[in-house]
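**Q** Residue-level listing of the chains:
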Amino acid sequence: MTRTAPKRQTLSELRRLQRLAGAVIMRPLARDWRMQRRWIDQRDMRVVANEFIKPNDRLTSFERIEIYNRQYWFRLIDCMYEDCPGLRVVLGRSRFNTLIKAYLLQHPSRSFTLRNLIGHLPEFIERNPGLVDPYFDLALDMARFEWAQVVAFDGPARRPLTVDQLLGKDPVKLRVSLQPYLTLLELRYPLDDFLIQLKKTGLRGEASNAMSESATRQRPRRRRALRRPRRQSVFVVVHRHDNSLYYKRVDPRAYRILLALAHGFTLQRALTKAYGPDVNAEDIKKWFTTWSELGWFCKSE
Amino acid sequence: MAANRFNAFTQLGIGIGLRIPHYDHILRNKPTVDWFEIISENYMCDGGRPLEVLDQILEQYKVIQHGVSLYFGSTDRIDREQLKRLKTLVKRTKTPFLSDHLCWGSVDGTYTHDLLPMPYTFAAAKNTARRVREVSDFLEVPIIVENVSSYAEFHVCEMTEWQFLSEVVERADCGILLDVNNIYVSSKNHNFNPYDYLDNVPHHRVGQIHVAGHSKYEKYILDTHDHPVLDPVWKMYAHAISKCGPTSTLLEWDAHIPSFQEVHHEALKARKFLEQVIQSHAKPAARRPVAAATA
Chain V
1 MTRTAPKRQT
11 LSELRRLQRL
21 AGAVIMRPLA
31 RDWRMQRRWI
41 DQRDMRVVAN
51 EFIKPNDRLT
61 SFERIEIYNR
71 QYWFRLIDCM
81 YEDCPGLRVV
91 LGRSRFNTLI
101 KAYLLQHPSR
111 SFTLRNLIGH
121 LPEFIERNPG
131 LVDPYFDLAL
141 DMARFEWAQV
151 VAFDGPARRP
161 LTVDQLLGKD
171 PVKLRVSLQP
181 YLTLLELRYP
191 LDDFLIQLKK
201 TGLRGEASNA
211 MSESATRQRP
221 RRRRALRRPR
231 RQSVFVVVHR
241 HDNSLYYKRV
251 DPRAYRILLA
261 LAHGFTLQRA
271 LTKAYGPDVN
281 AEDIKKWFTT
291 WSELGWFCKS
301 E
Chain W
1 MAANRFNAFT
11 QLGIGIGLRI
21 PHYDHILRNK
31 PTVDWFEIIS
41 ENYMCDGGRP
51 LEVLDQILEQ
61 YKVIQHGVSL
71 YFGSTDRIDR
81 EQLKRLKTLV
91 KRTKTPFLSD
101 HLCWGSVDGT
111 YTHDLLPMPY
121 TFAAAKNTAR
131 RVREVSDFLE
141 VPIIVENVSS
151 YAEFHVCEMT
161 EWQFLSEVVE
171 RADCGILLDV
181 NNIYVSSKNH
191 NFNPYDYLDN
201 VPHHRVGQIH
211 VAGHSKYEKY
221 ILDTHDHPVL
231 DPVWKMYAHA
241 ISKCGPTSTL
251 LEWDAHIPSF
261 QEVHHEALKA
271 RKFLEQVIQS
281 HAKPAARRPV
291 AAATA
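Protein chains in written order, with the numbering used here: chain V, 1 to 301; chain W, 1 to 295.
Take these hints with a grain of salt, some might be off.
[Claimed, not checked] Think about it this way: if two alpha-carbon atoms lie no more than 30 Å apart in a straight line, the pair counts; the simulated DSSO-like pairs of lysine-lysine are: (1) Lys-87(W) / Lys-299(V); (2) Lys-84(W) / Lys-299(V); (3) Lys-87(W) / Lys-54(V); (4) Lys-101(V) / Lys-94(W); (5) Lys-248(V) / Lys-285(V).
Derived by calculation from the structure, the hints in this document are not laboratory data.
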């Protein structure tokens with residue numbers, strides 16, 4: 001009688017196994033935050049799990065792979081709560097959870113770092129207004145604002161230009177760039193004030209415990225709710241100085257100058273775009289002195 | 001034995017993980033710590049406060065890099081952009097060697113950000129070893145791979161976890177970061193004797209040891225890094241260093257992080273075990289080259 005050696009796994013079988021396990025682990029959880037009971041082909045998930053995961057004396061195959069399925073979602077949701085405390089408050093928990101689950105399905109992490117996880121959120125909201133209804137403008141502004149903070153926190157910096165390096169240059173030819181970590185925002189709500197208030201009330205912390213809330217389903221302590229902001233057009237620069245994060249509100253004309261410079265226009269064109277023919281030299285001098293001191297300008301690329 | 005080519009012939013002593021809640025204390029008080037371990041990914045950015053703090057730490061302390069996203073066991077192509085960023089950080093920290101996990105975690109370019117257990121097969125070992133070599137060649141520093149804790153096993157396994165670890169490190173000719181807490185957690189979750197694991201890995205390849213706390217649930221144990229190290233893990237640690245020699249040791253504490261002093265105090269509990277081993281190794285010193293034990 002001949003004995004055949006057990007068949008060894010091949011590399012392509014390994015790849016198939018990782019694809020299957022990955023699909024199970026990254027599949028959305030059921031409403032009760034448990035693994036779904038049916039696989040995509042409607043087979044019983046217990047059967048599917050048992051095809052590739054060993055049970056032990058305490059846990060079924062389903063229960064073992066479910067640990068990873070839940071960890072995956074709790075980790076990503078926790079990260080979204082951490083990065084989007086403002087959006088979570090303005091949408092409310094239920095609407096926010098619905099939004100981020102839909103978002104993560106379309107935009108799972110494609111990077112070794114979770115730093116960029118919310119990078120596509122503004123455009124996702126623009127494409128899916130129904131998910132944030134009736135707060136579309138507010139939600140979109142907040143998503144842009146919160147992504148700008150991620151960029152300002154650890155985005156790249158280039159050598160800043162000083163006032164002296166700008167003085168005496170011909171404004172008709174002068175072009176400067178803005179620091180890559182800096183974001184210009186025209187907002188329909190005063191979200192700078194709102195987020196500062198959010199930090200003061202401690203709701204930011206409460207908005208960051210998705211993991212423990214969903215894992216243990218404990219009801220968080222009640223706090224005084226922060227009111228959604230009222231409409232008010234504001235112009236904000238999200239930046240960093242001495243490696244601390246700041247939101248600086250700017251005059252609409254100042255905003256238009258900065259925006260034009262960021263788009264590559266010369267200083268002369270930028271001033272004309274902001275002011276028309278009647279440029280206020282005092283304003284310009286004051287603003288450029290401040291912006292240079294904050295290190296916002298760098299050489300045009 | 002513990003200072004070897006896999007850890008660039010370093011014997012660092014007892015370190016702790018550099019964590020954000022401790023930044024202010026460390027920068028203000030400059031406490032005496034043998035070394036800090038950083039999570040590489042937290043500093044693979046372009047600027048801002050993370051790199052500012054890191055540079056200040058580097059002025060005072062020895063820093064070793066530990067990664068969580070190389071996914072040596074994945075079948076995806078290695079992300080060259082990630083490697084370039086990692087190499088930039090290696091040059092900044094001057095880490096003498098670098099560690100990451102024996103696991104997989106990405107598939108077709110999508111990242112789970114988890115340390116998923118490997119199917120313990122020869123094909124997986126060969127693929128993993130190839131990727132370890134590729135990363136080490138690119139980064140130009142030795143790599144040590146860490147065993148992970150796990151909650152699931154694949155039917156397809158062709159060997160035990162420690163056989164798989166041995167197979168990978170022999171094929172890749174790399175070192176081991178032996179996490180004794182992870183061995184303990186997995187031994188409870190998969191019903192094996194953790195001392196079989198400790199006794200059957202190639203001890204001469206162990207370049208560093210991790211200890212940590214874990215959490216017990218009704219049906220399994222979770223590697224939570226949010227408690228002091230439990231007694232059974234310290235016992236395993238003592239056994240591990242009796243086999244491997246006095247090895248650079250790190251305490252991981254990643255959640256519910258207490259004060260710096262409390263974390264450091266917990267880490268320094270390793271000292272008494274290390275001293276016992278150093279003494280026992282000193283007795284038969286004539287049989288062991290001094291340089292190998294103390295370099």
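**Q** List, from low to high, the hint numbers that the structure doesn't satisfy.
**A** The structure breaks hints 3 and 4; every other hint is satisfied.
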